[in-house]
Amino acid sequence: MEREVLLEVKDLDVSFGEKKKRYDAVKKVNFKIYKGETFGLVGESGSGKTTIGRAIMRIIPTAGGEILYKGEKINGKISKELDHKVIREIQMIFQDPQASLNERAKVDYIISEGLMNFEKNLSEEERLKRVDHALSEVGLLPEFASRFPHEFSGGQRQRIGIARALIMNPEFIIADEPISALDVSVRAQVLNLLSDMQKKHQITYLFIAHDLSVMRFITDRIAVIHKGEIVEMAETEELVTNPIHPYTRALLSAIPMPDPRHERSKKLLVYDPDMHDYKNSPPSWKELAPEHYVLANDKEAQEWVK
Amino acid sequence: MAEKMLTVENLEIKFDLRGKKLNAIRGISLDLYKGEILAIVGESGSGKSVFTKSFMGLLEQNGKVTDGTIMYYGCDDGVPVELTSLKKEKEWYKIRGHEIAMIMQDPMTSLNPLKTIGAQIMEAVLLHQHLNRAEAKAKTLEYLKDVGIQDPERRFEQYPHEFSGGMRQRVVIAIAIACNPQILICDEPTTALDVTIQAQILDLIKELRHKYKLSVILITHDLGVVANIADRVAVMYAGDIVEIGTSEDIFYDPRHPYTWALLSSLPQIGVKGENLFSIPGTPPNLFTEVKGDAFAPRNPKALKIDFIERPPYFEVSPTHKARTWLLDPRAPKVDPPEVVEKIRNGGLI
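In order, the protein sequences belong to chains A and B. For the first sequence, position 42 (counting from the first letter as 1) is numbered 41 according to numbering that gives the first Met the number 0, and the numbering increases by one without interruption. For the second sequence, position 312 (counting from the first letter as 1) is numbered 311 according to numbering that gives the first Met the number 0, and the numbering increases by one without interruption.
Just chain A, with the same shape it has in the complex (with noise of 0.2 angstroms):
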């Protein structure tokens, strides 16, 4: 069965500084995100993991490669129109909620500040109505709208600002870590809310994150990405039980596991950049297992799957 591609990223090159100064946070990076899925993206800090979604949001500018969006370029210069249309239709969610809001707005403005500037005309209380709507869907009280972001907790916060993304009717939503910063049961709560949202609003997400453990849970499809480059890709639980790539393997095998008998006997493993050998054959994009991608030259696909 063919799936419908929403967006799909092409050797896309994002760097940064000039000339000598110039350092690449991307490097040659492919990916395609399916409509209705959750794709993941892991990698550590350093990784442009997150250079990725901002690229992808028009944030930051890219130096080489295309960003399609249902087929169309949204990356480099793009009609006006286009720009409209891309930035009502992928949203963002950030990190971190204390620093994500505007400390001075009330929650009432900071949800329906982007309504505002697309529908010039709207009324006041149709736009009070949507607010509302948007705040009782993320599990918050009406009364909410009238008061300050320091009035609420870590995870409260996080709802606004899911409420801010959703309410703009978005077919596609870029989450950057958005639970890193939160407590576990609270976590939970989160991630709850995202994937009720996904199945009743038919939501795309692109899901950065650092930490397997979250994105096995949440994702349908992960790539790993180390220094820029995306060494490994499958859908989640072949990339789980399956990791080929050393580096998969040194991340999984770090995730602490709840069982102290476990963790006690567990064999710690580290990657090491050095240990390929890619002077004279250098690495390539490799299906190892079917949908199963892993960036490596010929000897090392040869030995990694035995």
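Note that these hints are calculated values from the structure, not bench results. Ideal Cβ positions, reconstructed from N, Cα and C, are used throughout, including at glycine. Check each hint, because a few of them may be wrong.
Sample of chain B residues at the chain A side, in silico, Cβ under 8 angstroms [as the list claims (entries may be wrong)]:
{"hint": "1", "residue": "A1"}
{"hint": "2", "residue": "E2"}
{"hint": "3", "residue": "T6"}
{"hint": "4", "residue": "N9"}
{"hint": "5", "residue": "A226"}
{"hint": "6", "residue": "F250"}
{"hint": "7", "residue": "L265"}
{"hint": "8", "residue": "L275"}
{"hint": "9", "residue": "I278"}
We have chain A; now place chain B onto it with these hints.
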């Protein structure tokens, strides 16, 4: 039983906030033994940081120990010190760093960006060990090597910004060790770090504990980290320890409904396609007196008595006790959630 390092008895801490009293710690008793790693787990606001800060006299101005004692047994002369009786900063200097040292969550804020890391570690060495400068430098290089920093001579001259997050945390640990403490308190030492680095730092703490014969108190909200490192675990909720036992006790045979809830809400446990378990409600307001079991309002299976009377500790085994009426012989039988069975059978991986 091993030698005791610290005994906390019936400790109460209250904060004055705009004329209102906040009951942050509500009568905790705890023993810390020599050479063990004790983990304190709890959500934010459960009081785990406040509790350990009181061991070092680092409570905020408006916080006061209103009841209870903290006995410290580790002084060189063998005379126990009652820590809550220390008033002057000068008295605390003998304890802070020298006897009890602390590692904070964010290594960037605990290091001075304007001084080389060598100078920062050496400062601690000179202050706490009677050595001259040359000896102190040699010692500093040794500590750098101990915490796994390669090429210590070159690193000695570098500034914090030249280090990655994990390496900075190693430097912070080196500073704490350089004070030559008996007890090391680690307050969320790996929360700001990547998973692979986190695993390395935890290994380092385990290694140093043996080498320097430290007792370690590890504060964390991550039960996975606890399973990796702790000998004993104390679960805190609303300013109280609700359950304490060895790692095996807590993970394979938990008894308190809050411990059950914490274990159930771990994402490692989740099953794809199903909703993750989440604890209903919010922690109690500590400005008012908590009646009965503090967790009862969030516990769907709470007993009537949970709302009326605070449960005492019931002993499950000599190492394991929990504050819940479920352990009373008269209580009805309530089965732990399936998760517990799953963890016990190693069915997670």
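To see whether the hints hold, each was checked on the structure:
1. Because the beta carbon of B:A1 sits about 19 angstroms from the nearest beta carbon in chain A, more than 8 angstroms, this interface hint is broken.
2. About 24 angstroms separates the beta-carbon of B:E2 from the nearest beta-carbon of chain A, more than 8 angstroms, and the hint is not met.
3. Nearest Cβ of chain A to the Cβ of B:T6: about 25 angstroms, over the 8 angstroms cut. The hint is violated.
4. Interface hint status for B:N9: violated, as the beta-carbon distance to the closest one in chain A is roughly 28 angstroms, over 8 angstroms.
5. The closest approach between the C-beta of B:A226 and any C-beta of chain A is roughly 5 angstroms, which is under the 8 angstroms cut-off, so the hint is satisfied.
6. For B:F250, the suggested interface contact is upheld, since its CB lies about 5 angstroms from the closest CB of chain A, less than 8 angstroms.
7. Satisfaction of the interface hint for B:L265 is found here, the shortest Cβ-Cβ separation to chain A being roughly 6 angstroms, below the 8 angstroms cut-off.
8. Contact between B:L275 and chain A, as hinted, is supported at the beta carbon level, the nearest pair being about 4 angstroms apart and thus within 8 angstroms.
9. The restraint placing B:I278 at the interface with chain A holds, with a minimum CB-CB distance near 4 angstroms, inside the 8 angstroms limit.
Of the numbered hints stated above, those contradicted by the structure are hints 1, 2, 3, 4, listed in ascending order.
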